[in-house]
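So the protein lines, in turn, are chains A and H.
Sequential numbering of the first sequence, starting at 1, is according to the numbering used here.
Sequential numbering of the second sequence, starting at 1, is according to the numbering used here.
Among the hints, a few may not be true.
The list treats identical chains as interchangeable, and a pair is accepted whether it falls inside one copy or across any two copies.
To be verified - Capping the alpha-carbon separation at 30 Å, the derived lysine-lysine pairs in BS3-like fashion look like this:
hint: 1; residue 1: 244; residue 2: 220
hint: 2; residue 1: 244; residue 2: 169
hint: 3; residue 1: 12; residue 2: 225
hint: 4; residue 1: 297; residue 2: 19
hint: 5; residue 1: 290; residue 2: 109
hint: 6; residue 1: 291; residue 2: 219
hint: 7; residue 1: 225; residue 2: 110
Please keep in mind that the hints were generated in silico from the structure rather than gathered at the bench.
Quantities reported herein were computed from a predicted structural model and do not represent experimental measurements.
2 protein chains.
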Amino acid sequence: MLFIPTYSDIEKAHDIIKKYAHCTPVFTSSAIDTIVGGRLFFKCENFQKVGAFKFRGAINAIFSLSETEAKKGVATHSSGNHAAAVALAAKLRGIPAHIVMPDNSPEIKKRAVAGYNASITFCAPTLQARETTLAKVVERTGANEVHPYNNFYVIAGQGTAAKEMIEEKKDFDSIITPVGGGGLLSGTAISTKTLLPNCKIIAAEPAGADDAFRSFHSKKFIASKNPKTIADGLLTSLGERNFKIILSSVDNIVTVSEENIVAAMRLVWERMKIIIEPSSAVPLAAILEKKIDVRNKRVGIILTGGNIDLERLPF
Amino acid sequence: MLFIPTYSDIEKAHDIIKKYAHCTPVFTSSAIDTIVGGRLFFKCENFQKVGAFKFRGAINAIFSLSETEAKKGVATHSSGNHAAAVALAAKLRGIPAHIVMPDNSPEIKKRAVAGYNASITFCAPTLQARETTLAKVVERTGANEVHPYNNFYVIAGQGTAAKEMIEEKKDFDSIITPVGGGGLLSGTAISTKTLLPNCKIIAAEPAGADDAFRSFHSKKFIASKNPKTIADGLLTSLGERNFKIILSSVDNIVTVSEENIVAAMRLVWERMKIIIEPSSAVPLAAILEKKIDVRNKRVGIILTGGNIDLERLPF
Chain A
1 MLFIPTYSDI
11 EKAHDIIKKY
21 AHCTPVFTSS
31 AIDTIVGGRL
41 FFKCENFQKV
51 GAFKFRGAIN
61 AIFSLSETEA
71 KKGVATHSSG
81 NHAAAVALAA
91 KLRGIPAHIV
101 MPDNSPEIKK
111 RAVAGYNASI
121 TFCAPTLQAR
131 ETTLAKVVER
141 TGANEVHPYN
151 NFYVIAGQGT
161 AAKEMIEEKK
171 DFDSIITPVG
181 GGGLLSGTAI
191 STKTLLPNCK
201 IIAAEPAGAD
211 DAFRSFHSKK
221 FIASKNPKTI
231 ADGLLTSLGE
241 RNFKIILSSV
251 DNIVTVSEEN
261 IVAAMRLVWE
271 RMKIIIEPSS
281 AVPLAAILEK
291 KIDVRNKRVG
301 IILTGGNIDL
311 ERLPF
Chain H
1 MLFIPTYSDI
11 EKAHDIIKKY
21 AHCTPVFTSS
31 AIDTIVGGRL
41 FFKCENFQKV
51 GAFKFRGAIN
61 AIFSLSETEA
71 KKGVATHSSG
81 NHAAAVALAA
91 KLRGIPAHIV
101 MPDNSPEIKK
111 RAVAGYNASI
121 TFCAPTLQAR
131 ETTLAKVVER
141 TGANEVHPYN
151 NFYVIAGQGT
161 AAKEMIEEKK
171 DFDSIITPVG
181 GGGLLSGTAI
191 STKTLLPNCK
201 IIAAEPAGAD
211 DAFRSFHSKK
221 FIASKNPKTI
231 ADGLLTSLGE
241 RNFKIILSSV
251 DNIVTVSEEN
261 IVAAMRLVWE
271 RMKIIIEPSS
281 AVPLAAILEK
291 KIDVRNKRVG
301 IILTGGNIDL
311 ERLPF
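The following block holds chain A by itself, in its conformation from the complex (with noise of 0.2 Å):
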């Protein structure tokens, strides 16, 4: 049996997560807004704690715990924004974060995750590695595992970002995310359901990651095959919740290529002058490439982070 969140599950991640987390602005662009002939509400999770929407689930999942449960604190493995933000929440709840890092991981994020003091396992970086080292940790401390993704308290949590926005701007024709593992368009499509019954919920994927859009097309789960590509949040597999509720409740999901993620990152930083990661372009791209209209519609986006690498630009 698989628990799925409900809305009210959403409302409740909600009132945790108000005490931590920032309510992160809407922006508009009106010279996007212009190239693409529709109205678009971009909802910065780039200025979310710890850079991205993550924080939110974390919160949700770490507060969740009972307090005999918290005491033995809580281990993930990640690479990227989740172990940050799984740190964080760890530390603000003020309880021990173990993290399994891949030894490859870029040196910024092993700083941010060890500036907020968690505790972390190098191993190799597979995802085999991963998930015997976060073995062996979670049996050495019995720590509670926080998956990023496949767990019912993470995806309560990332439900809030929708939430937040159509609570502010009101009405959307449809809603668009990236898709990685599934969190976000998870919690997102459960939110706008109950919200807005009538609003289009659509997904992004890059095409050298397109495990989502293939599952989802086919109606079964197909994993991950040595993705590549350029929006490193979103080369995971789907998990099996996200994928039972995006069955259910996402009306689409559509692929776009590399070049046109960087083209849409860089409309963003140039003409909103905000910094996105190459995953938070995804949902913009595919509107570029004309995979999703929104001629004379009112479109919101979850621009899920902002942590890349200044050293390291595609442009």
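Start from chain A and add chain H according to the hints.
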């Protein structure tokens, strides 16, 4: 007789500017506050139309023209943000804009100005060629010259940024701006001295273009000579009107190194996830360099603009 705006001129300017410009948000960063030991408030004029505060002054100057004057259009020389600001403001009023640009201006700036339907006259990249060419354009067209800073209405317009920031965040111990020609600094000084008589007004300037620093401390006007700095918005010499206001109302002017301008810019990009141009980073550079003491103080900083060539970043 040099006419100097009073606070009531800034109020009038604000009534006009509100209709066309964004009331830009004020951002904070707990990460940067921890580093500097004070509470910093950043007025984000990088999100202003045309990507810089210059739009405020241009709107006020152009919408303060009488119908008869306006018909003849406006003219200016600029290679940067003022050119785009005048071009867009003139377009909004429906009158011609004649912009003299050095022929080595960045392509991106030429395109921006042309995109607002301004008529561009190119000239050699010297101040003399710019002034001679502008004089010819004004003679030929009868257009009204809009000086980028030594102009009553421009100064009043630039003063609205500090006015908005003070109205929103109420109290400050000091407000810091960069200084180039002095339009923003003088407008800020007028707003601030009226609204917060005890607030210090401090300017920061690149050491490589320190004419305002030297003029302020010697109390006599010293023109800029071969200025050199990455902060390309601050290469100009102080205007006469601006210097008069600065001498009477500014508390201090300090200089910063190129290295610290780049470090401050990078800090804002990485921690705040917003794009600012080097000129915007000069006040924070002065804080990092400990030229301005912000410990335990509430400090307002105007981030002046976000126009930068992404293919020529200093990191």
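Practice task
Classify it for me, residue 225 with residue 110: is the Cα-Cα distance of at most 30 Å met within a copy, between copies, both or neither?
Solution key: Within one copy, since 26 Å is at most 30 Å while 46 Å is not.
Exercise for the section: Have a look at residue 290 and residue 109 and pick one of within, between, both or neither, based on CA distance no larger than 30 Å. Expected result: between (34 Å within a copy, 28 Å between copies)
Handout entry: Status of residue 225 relative to residue 12 across identical chains (alpha carbons, at most 30 Å)
Key = This pair counts as neither: shortest intra-copy Cα distance 36 Å, inter-copy 63 Å.
Exercise for the section: Have a look at residue 297 and residue 19 and pick one of within, between, both or neither, based on CA distance no larger than 30 Å. Expected result: Classified as between; 25 Å across copies, 33 Å inside a copy.
Exercise for the section: Evaluate residue 244 and residue 169 at a C-alpha cut-off of 30 Å and name the case that applies: within, between, both or neither. Expected result: within (28 Å within a copy, 46 Å between copies)
Handout entry: Up to 30 Å CA-CA - residue 219 versus residue 291, copy category
Key = Within one copy only: 20 Å inside, 62 Å across.
Exercise for the section: First find the shortest C-alpha distance between residue 244 and residue 220 inside one copy, then the shortest across copies, and answer within, between, both or neither for a cut-off of 30 Å. Expected result: within (10 Å within a copy, 74 Å between copies)
Violated hints amount to a single one, hint 3; each of the other numbered hints is respected by the structure.
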